[in-house]
Every structure is written in structure tokens, then in C-alpha cells.
Amino acid sequence: MTILPNGIEVEGLAREFKGGVRAVDGIDLVVEPGEIYGFLGPNGAGKSTTVLMLTTLLPPTAGTARVAGHDIVREGPEVRRAIGAALQEAALDPLLTGREHMRLQTTLQGVPKEERVARGDALLERVGLMDAADRKVRGYSGGMKRRLDLALALVHHPRILFLDEPTTGLDPQSRADMWQEVARLAHEDGVTVFLTTQYLEEADVLADRIAIIDHGRIVARGTPDELKAEIGRPTLEVEPAEAGDRDAVAAALERFGTPVTARPGAVAVRLHGAVDQLPEVIRALDGEGLTVADFRLHAPTLDDVFLAKTGRKLEGGEPSAEPEAVPA
Amino acid sequence: MRSQVLEMARRSILQTLRQPALIVPPIVFPLIMMAINTGGLHAATNLPGFPADTYLDFAIAVPFMQCSLFACINAGAALARDVETGFLKRLAMTPMQRAALLIGHLGGVMVVSFVSALIYVAVGFAAGMDFKAGALGVPALLVLAMLVALSFAALGAFVGLRSGSGETVQGFFPLFFVLLFLSSMSLPRNLIEQDWFRFIATYNPVSYLIEGIRSFIITGWDGEALALGFGIALLVAVAAVAAASSALRTRLVRT
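Protein chains in written order, with the numbering used here: chain H, 19 to 346; chain L, -6 to 248.
Any given hint might turn out to be false.
To be verified - Covered, in the sense of this in silico footprint (three residues per stretch, anywhere, with C-beta under 8 Å from a C-beta of chain L), are these stretches of chain H:
1. 65 to 77
2. 89 to 101
3. 104 to 115
4. 119 to 125
These aren't lab readings, by the way, just hints derived from the structure by calculation.
Note that this is a predicted model, so its numbers are computed, not measured.
Positions of the beta carbon are idealized from the N, C-alpha and C atoms, including for glycine.
Taking the hints into account, I'd like the entire structure generated from these sequences.
Printed below as a string of C-alpha cells:
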């Protein structure tokens, strides 16, 4: 294992809970210094357990990991000094104000006394909470709590930042603000970011590289573009004009691709070939006297990648008719 | 460590000050109970062998115990909330020492208990309490009252950390209240007629905590009562703090 001073190296990391449940089942990954690494997976896939292990809050039952060059089991204090973390729920005290949270956190993190107020104010300003700094947190919106959580994770200038589903439950504007701040941290301040998410768009927009975890195992990894290219083929979705023609349309389309999940009333296939198959598809539908109400061609997305790797859609989708077995 | 303890104590005090429900009942409720008992049970002073001239002198010890019960619930509920909200995990991510969390938190609860105790003493004197132990007895009484509050607060902290549930902590309140009622709270043990009640009150450590505090007021410097009061309070405090520390170590597991 090479030593990355601002990176993360994981080998065979596993965590088994009582009853033999392996929440994380021997994962390997390398996060390069300064990159945003997206850790993508559905609820219960093992994302948060991985973060808890890497942040030293949960001992692994097997495997090793080095964070900021330090072993997570033998050098816990050194790891904690190098990292900041905003865990899944914004862990805040509803009775304290934003400024009081900063005061507590700067003290506990050992920020010199004369710097605490300035550091706290600078971070509140940076996350746009200066106006609300003296309000109790119980009156904050979800987005404000998340931003305060992020500011608290930054008080001691961490080199590596763990963000566990930082935008879950946020409205689109708050989500966009959070993305902007995370991108700035990585690209301007050089902070390495390990970001777990169940939002494909978030991983696509933010992450330099992605690992997809499912049932405790990493099933795919690479840049978003690499992963999409691996799937390679577009998806064609057709909605028949007559609902009764759905089966006939499905039969016609199956000659050109593999059935995948479609929106209600429509039929979809991942094409065997490229877009040059389209004229042939249209001729086939026309030849069978089938009329269509809607005809859509989708370029591969991370959702397609997830579907191909796991056999189901990430955000509440049905299992695919024929999961594609692509080795991780 | 010192700044960590002070900051945690400050947080604990702020939490209490911002929840009037945690301040008003511990101060007002015991005083109301005492006023009712003093009025209603005055006739008890006519019993042969009753150790005080007024029921106020006898009953003023009880608010200190009730205040300790509130300290128990407040300490436990606050720590359970930290477990529930994940705030404890945030603290675990910092270089904070475990002792700082417990000492700071209990310190904050003790400050509130101390202010309550000062109010009870002031109300007692204003109502005509005949304090037999003299001027030096007041700080000594406050020390014993704080030791009792610490032991109960640490018990609450243990339950809060162990269970991680505010509801569980609240569930202990009736249990502790029963312990208080089955003690020598309302009558001296030797004047309790029911055998079973006297038996329980005799083996109930709460009796000796109350009698220790009460002795400053009705007896003066009573070596036996003070030795039992301080001894039991110290024993419970040490055991409870050790149990709370152990529960915190389990909760704050980190490599």
C-alpha cells in the first residue's frame, strides 16, 4: 500500500455486525489527494458504515485503511486530526446558536483561543450563515443546518473531508449551494472530499471519480464518463399510441435491444448497437402497423450504469428484466 | 482539558437556561411540596419524640433531594439527546477527552443544582427555619447537597448514555420518586408505625442522605448522621461516575 498524505487507501475493508450481517464486505479503493470521490449506493448499501470506519468511529472487522497516511485502527487520533466530517444527520444542538456551535467546536478542536472567534465567523460567513449566527439552531432550515454542519467540519483546516449524504432532504437551491461549496473546497482549497450520495446527479456533477457500492461490495468504479462509456449503448423508449399495442411494441423492440425499466405506459430497450439502428427500428414498428405517441433516445447515464451493475434502479426503480452482468 | 471542561459546562448551563421547564420545576415544585407538607403535617410535631420544633425545620431537607432527582433527569435526558441526535459522534471526532465531556456536563448540572440549593436555604431562613449548625453549617450543608446532586446526576448520566433514550431516562423518574417517598422524608424512621414502611425506610439509602442534610438544621453537628450522609453520598457518587464513565467509553468508541 502506497502512502498518500492527503488521500485514502483501502484494502479489503469489512465490517460484520451481530448476526453475521456484513454491511461492508471487503472493499478496496484509492482516493487521490485533492479529488472529489463519489461513493454511490442505495440506502443500506454500506456507505455510512464505510464512512464511520474511515473516520475512526467504527472499528473494521477485517481489512486495512490509511487516511491521510495514517492507519485508521492504530493511529485514530492522527486520522481525526487530519479529517473533517459531516455525518448523515446534521448532528447539532437545537438549543445552541450557530455562533455557539462554532465556539464549542473551535475549542474542542484545539484552535488557539485568540483565533477562535475569527475562525468561527469566517466559516459562518463562508457558508452564508452570518445573519443567522445568533439564532438557535432549532429555527434553522434543513439547508442551513447542513451548511452549519459543513462549517463545523472545517474549523481545524482538515486535509480530507468526509460528507455523508450532505444533500439528502434538501431543496434544489440548497443542494446547488452545497455542491458549489464542496466543489470550491476541493478545487480551490485542495481538500480531498469523500462524498457519499444516493443521488446520481450529485455524483455526476461533483465527483471526479465514483465507486458504486451495493450490498457492501463495490460493483463499479471510474470517472462518470468512463462508467457511462462502459455501458456505451443508448436506451430507446417508445410509448405506443394505443395502450393495447404495448406488448407488440415490446416484441418489436426486443429484436434491437435488451429490455430495461421504462416509465409507465412505455417500453424501453438498451440498444444492441448505436444510434444508427434507429431507422431500422422505425421501419420495423411501421411495418407492423404500430403507431407511437412518444419516441425518446437516452444517452447513457449513471442511472443506466447503476442498473447495469446491480440490476435495479437507484432511486426506487423496479428490478430490470435482465440485469447485465458486468464485472466490477 | 480545562478549556474543554469549561466549554462543555457552559453548554450544559446554556441548555438548561434555554429550557424554562428544566429550571422552574426543580426550584418551585419542591418548595410548593414543602409548603403543603409544612401546613398539612404540622400536627406531626406533637408526636412524642419528634425531633424538631416546627415541621418546616424537619421538611426543608426534602427539596434538596427533589432537586437532585431533577438533576438526575436533566443530566440523563441531555446526554440521551446527544446520543439520539448524533452530537456525541461529532464530539467523538474531536480530540476532546472523555473526562472533559462528563465533568463539563455534570458541572453544568451542578451549577443549576447549586443555585437551587441557595434558593432553598434562603427560603428556609425567610420562613423562619431554626438552623442549629450555625454559620459554618450552611456551606457544609451545601457541600453535602451538591454531593447528593452529583451522585444522582451521574446516575442519570449513566442511564442516558447507556440507553441513548430520553424516554428511558424519564421512565426512571417515578422509580426515584418512589425511593424518595419510601424514606424518612415525611417522618423520622423511629416514628413510622407500619413495620414494612419502617423496614424499607431503614434500608433505603435515600433516608440517610435526607437525614444527613436534615441534621444540620434540627440537630447541629451530628457525627453519625453526617458520616452516614456523606459516606453514602460519596459511595453512590463514585459508583455512579464510574458507571457513567464506562457507559461513555462504550458510546464514544473510536480507534
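Do the hints match the structure? See the list:
no., hint, in the structure
1, 65 to 77, "holds (count 5)"
2, 89 to 101, "holds (count 9)"
3, 104 to 115, "holds (count 9)"
4, 119 to 125, "holds (count 4)"
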